[in-house]
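**Q** Can you join these two chains into the complex? Each is in its own frame, and there are hints to help.
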Amino acid sequence: MKRVLALLFTGALAVVLLYVVALLPTMGDADNPTNRHVVPRYLEHGEQEAGTSNIVAAVVFNYRGYDTMGEVAIFSAALAGVFAVLGMSRKKIAEAFVDRSGVKFSFISSTAVILVLPLIILFSIYIILYGIDLPGGGFQGGAIIGAAVIILTVTFGFYKAQNRIPHHVRTILEGTAISAFFLVGTAGVIGGANFLTYILPQLSTQTQPAVRDLMLLVLLFGVGIKGGMIFTSILFALMREEETNDVEHAR
Amino acid sequence: MLQALNIILLASLIVTALAACLLRNLLAAVVMLGAFSLLMGIMWVMLRAPDLALAEVAAIGVVSTIFFVVTIFKTERKEE
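Sequence lines, in order, name chains C and F.
Numbering-wise, my numbering comes out as the position in the first sequence, counting from 1, plus 5.
Numbering-wise, my numbering comes out as the position in the second sequence, counting from 1, plus 87.
Hints listed in this document are in silico derivations from the structure and should not be mistaken for laboratory results.
Keep in mind that a hint or two might mislead.
[Claimed, not checked] Computed list of lysine-lysine pairs in DSS-like fashion (alpha-carbon distance at most 25 angstroms, straight line):
1. C:Lys165 <-> C:Lys109
2. C:Lys165 <-> F:Lys161
3. F:Lys161 <-> C:Lys7
Excised from the complex, chain F in its bound form (with noise of 0.2 angstroms):
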C-alpha cells in the first residue's frame, strides 16, 4: 500500500516536472510548478522533515509562484 502511494506520487511528480517545461502557456507552467511544489511538500512529510515541508510549501508553493505570475503579466504569456 505505502509503495503504490510512493509511486504514483513519483511519477506525478516527474510528469509534472515535464509538463512544466514543454508547455507553450507561461501560465499554465507556472501552476505546474506549484503543483510540483505542493508534491514535494507531500514527500517531505513522508521523509519525517516537516521543516522542509513548511519551508517549501510556503516559500516556493506561494511566493515563488505569485512572483512568475508577476513577472508573466509584465512580458509575453506565450512562449515563442
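Same shape as in the complex, but just chain C (with noise of 0.2 angstroms):
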C-alpha cells in the first residue's frame, strides 16, 4: 500500500516537472531573454564596467558575485559533511595513518619532488594572481595548491606532511574566502553602494581602477587559499585512521 502511494505522488511529481520545463523556452532560441538582453549586455559593457577582457572573470566576480559567494559557502558545507562522516580528531597530530603498501620512495623521487614543488606552488600563485587577465582564476590555483600538498604527502608520509600545515594554520586558513568576501562587500557598503561594488570608502563615489584591481585580488586569493586548504582538510581526514590497539590492521 505504502508503495502504491510512494509511486503514485512520485508520478505525479514527475508529471508536473516534465510539463513545467516543456512550457520555458527552448534552449539556445535567439528571441530568449536571456539571449538578448543580458548576453549581450555582458559583452558589450563589460569590459568597461568590470575593467577586464577577461569576461569570465568579470562575470564571476562582478556581474555574479553573490553566485560565487554561495559557492564558497557549499566549500565549508562539504568540509562539514566529510568532518559530520569521518570524525575530527581530539588530538592535534594524528597518530596513525593509512599505509598499506610498505614501500617507501626511492631517493630519485624524492629529490625530484624537492626539486619542482616549489615550482608548483609558485604555478598556483600565478594562477590566482592573473585571474583576471588570463584564464584561471581562485578556484583553479586552489585546487592546484591541493595536487601539491597530495604530491608531498604521497611522497614524504602523513606525518611530515602534517607537520607542514598543521591543524591551527588550517584552520585559521579556511576561513578565508568568506571573510574576504565581507570585508569587500562591507567596504562596498560603508562606501554608499551596494554589497560587493568594489569601492572604498570615503575616497570616491566611483570605482577607481587600482582599487577595485585590489578587491579582486583579495577576493581571488580568499577562494584560491580556502579550496586548497579544504583539499588538505578532506585528504588529512580521509588518511587517519583511529587509535586502535591493533595497529597491525592498518599495516
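**A** Structure follows, in C-alpha cells:
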C-alpha cells in the first residue's frame, strides 16, 4: 500500500515537473530574454564596467558575485559533511594513518619532488594572481595547491606533511574566503553603494581601477587559499585512522 | 579532420564512462574516472573554455582520484 502511494506521488510530481520544463523557452533560441538582454549587455559593457577583457572573470566575480559567495559556502558545507562522517580527532597530530604499501619512495623521486614542489606552488600563485586577465582564477589555483599537498603527502608520508601544515594553520586559513567576501562587500556598503561594489569608503563615489583590482585580488586569493586548505583538510581526514589496539591492522 | 577527432573523443568518453561503471576491480574503475576527466579536459579546451579545463583536470583528475584511492585503501578492493 505504501509502495503504491509512493509511486503515485512520484508520478504526479514527475508529470508536473515535465510540464513546467516543457513550458520554458527552448535553449539557445535567439529570442530568449537571456540571449537578447543579458548576454549582449555582458559582452558589450563587460570590459568597461569590470575593467578586464576576461569576461568569465567579470561574470564570476563582478556580475554574479553573490553566486561565488554561495559556492564558497558550499566548500565549507562539504568540509563539515566530511567531518560529520569521518569524525574529528581530539589530538592535534594524528597517530595512525593509512599505509598499505610498505614501500618507501626512492631517493630519485624524493629529490625530484623536492625540486619541483616550489615551482608547483609558484605556478598556483601565478594562476591565482592573474585570474583577472588570464584564464584561471581563484578556484583553479586552489586545486593546484591541493595537488601539490597531495604530492607532498604521498612522497614523504603523512607525519611530515602534517607537520608542514598543522591543524591551527589550516583552521585559520579555511575561513579566508568568506571573510574576504564579507570585508570587501561591507567596504562597498560603507562607501555608500550596494554590497560587493568594489569601492573604498571615502575615496570616491565611483569605482577606481586600482582599488577595484586590489579588491578583486583579495577575493581571488581568499577563494584560492580556501580551496587549497579544504582539499588538504579532507585529505588528512581521509588518511587519518583511529587509534586502535591493533595498529598492525592498518599496515 | 576535425569531425573525426570529435567523433573519436566522444566515443572514448562513452567507453571510459561505461568501463568505470561496469568494472569489478575498484582501483581500475577509479583509473577510468581519471581518464574520463582527462578526456573532458581536452573537450573543454576544444570548446574554448580554458577555465573549466584547468578546474576539471586539477580538481577532479588529481584530487578526486586520490580521494577515491584512499577510500579504496580503507575498504575492499573488489566489488561484490
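**Q** A separate judgement is required for each hint: does it hold in the structure or not?
**A** Going through the hints against the structure:
| no. | hint | result |
| --- | --- | --- |
| 1 | C:Lys165 <-> C:Lys109 | holds, 14 angstroms |
| 2 | C:Lys165 <-> F:Lys161 | holds, 21 angstroms |
| 3 | F:Lys161 <-> C:Lys7 | violated, 38 angstroms |
The earlier numbered hint that this structure contradicts is number 3, and it is the only one.
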